[in-house]
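*Asks:* Protein chains in written order, with this note's numbering: chain A, 1 to 257; chain B, 1 to 257.
These are computed hints drawn from the structure, not numbers from a lab.
Among the hints, erroneous ones may be present.
Heads up, simulated EDC-like pairs for lysine to aspartate or glutamate below, C-alpha to C-alpha not over 20 Å straight-line [as the list claims (entries may be wrong)]: (1) B/Lys-253 - A/Asp-216; (2) A/Lys-253 - B/Asp-216; (3) B/Lys-253 - B/Glu-210; (4) A/Lys-253 - B/Glu-210; (5) B/Lys-253 - A/Glu-210; (6) A/Lys-253 - A/Glu-210.
Output of the computed footprint for chain A on chain B, the stretches with three or more beta carbons under 8 Å from beta carbons of chain A [said to hold, decoys possible]: (7) 40-51; (8) 154-163; (9) 229-235.
We treat Cβ as the ideally placed atom computed from N, Cα and C, and that holds for glycine.
There are 2 protein chains.
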Amino acid sequence: MSTTATPQQRTQQRLQENVRIVLVDTSHAGNIGAAARAMKNMGLTRLYLVTPRQFPHADATARASGADDVLARATVCASLDEALVGCRLVMGASARLRHLSAPVQDPRQCATRIVSEVSTEGVECALVFGREHSGLTNDELGRCHFLGHIPTNADYSSLNLAAAVQVFAYELRMATLAGYTPETSAEGSEPLACADDMERFYRHLQQTLETIGFLDPANPRIMMRRLRRLFNRARPEEVEMNILRGILSAAQKHKTQ
Amino acid sequence: MSTTATPQQRTQQRLQENVRIVLVDTSHAGNIGAAARAMKNMGLTRLYLVTPRQFPHADATARASGADDVLARATVCASLDEALVGCRLVMGASARLRHLSAPVQDPRQCATRIVSEVSTEGVECALVFGREHSGLTNDELGRCHFLGHIPTNADYSSLNLAAAVQVFAYELRMATLAGYTPETSAEGSEPLACADDMERFYRHLQQTLETIGFLDPANPRIMMRRLRRLFNRARPEEVEMNILRGILSAAQKHKTQ
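Chain A extracted, bound-state conformation (with noise of 0.2 Å):
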């Protein structure tokens, strides 16, 4: 990692090195793939796999989609005590919410921590996830120090695996990018028209609608209030100005043809 990296590229590095996704019991292939592609599309790699149901297997690598070097590098462990060796913070993912368990946390919140700690302290941090129906057994709970619960509509409150790891991966992503403004902003790239051209802007406007017999000259200024509000708020760029001022020219050169 070069020296130069931005904080941003350094905690993402500590989250690639330092965070684990660590699924339980998984029964369909499939879900296996699909959470690889949902933890490479937010940048983390290290997948960890407690007695897969199928693994490897075709389906698998079909939802993987392009995330298969994910797949080639997963850890496939006898238990969860294995896969969570060398790890300070373990979360899990939990649909319930259990009497006498951990603390419970949303997922931006586990996400806050995860990113603080292993960006301070270099902590080793497993997320857990459990069997598509059943989840986490109460003693795989009990080695979480919080649970990280997504807060479904009560009514329906599964969501399927890969989806949750989604949302996990996410919000880890969306911490270690916090501060993040993205740059393609439309406001902002090109130069906008400045008080002076919107002035202009607004008589060339005043007159062309008088020429075209739209305003009353006697009384326009309600219309041009109006006018002001809405091109104001759209806040034109220098270049869409221009368009503007010409689409008034070729209305006005249009009365006299």
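Fit chain B to the given chain A structure using the hints.
*Replies:* Relative to chain A, chain B alone:
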């Protein structure tokens, strides 16, 4: 809905009633089912399918896994325009960040905006997702007020379709539960023009620009795309839309005098 509902319950109800998830040209029925499951988990129910390749289909039902009521009530449409009738806020999911397009927001920003708009103004919103391999076309993106971009790993950016739906639906749920109180909307309290009004306006604008000799009828696309970007950004109110249409009519009529 009971009068004793909490603010969160009221927002949840608004989302259920006023947010539609629109899937365009989906190839794999399994993805439709998985998207329905992701929606229902997060409390969304209104699914619109624009020209799906396979629907209804056993793969959709299998992957829906209990969300088959969402599939059963899905609306199949012949075009994106049909799916957007009545929508005043259109968000398009996009993996790529394109030039000359709408402002880009991450899923959290999208969700905040949607929750704010449906809460305070009863606005109908659409979240539009494109094809598995190629996303939305430029024309389809031209119908969107904002692009929703999931900040993926740059080396592997293509999420599974249902995984993308899951992320946006999750953020909508998180925004609902945040106890979030919408601020006064900058757009004011007037009803905004809906997607079908906007399309009629763009057709009228194009005709008028041809009539007044501003637009090359042989190659109108780049100019029309620029104008779409400008007016989508302004998000005209119904009243403003009527004014703009009136201006166009006046300019057209002028020709015959």
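*Asks:* Now tell me if each hint is right for this structure.
*Replies:* Checked hints:
Restraint check for B/Lys-253 and A/Asp-216: the C-alpha separation of about 16 Å stays at or below 20 Å, so the hint holds. A distance of roughly 16 Å separates the Cα atoms of A/Lys-253 and B/Asp-216; the hinted pair therefore holds under the 20 Å criterion. For the proposed pair B/Lys-253 and B/Glu-210, the alpha carbon gap of about 13 Å is at most 20 Å, so the pair holds. Annotation: proposed proximity of A/Lys-253 to B/Glu-210 holds, straight-line Cα distance about 14 Å (limit 20 Å).
A threshold of 20 Å between alpha carbons decides the hint, and for B/Lys-253 with A/Glu-210 the separation of about 14 Å falls inside it, so the pair holds. The suggested pairing of A/Lys-253 with A/Glu-210 holds, with an alpha-carbon distance near 13 Å, which does not exceed 20 Å. For the region 40-51 of chain B, the stated coverage by chain A holds: 4 residues have a C-beta nearer than 8 Å to a C-beta of that chain, and at least 3 were required. Coverage of the region 154-163 of chain B by chain A holds. Counting CB-CB distances below 8 Å, 7 residues qualify, and the rule asks for three or more.
Interface restraint, the region 229-235 of chain B with chain A: holds (6 residues with C-beta to C-beta distance below 8 Å; minimum three).
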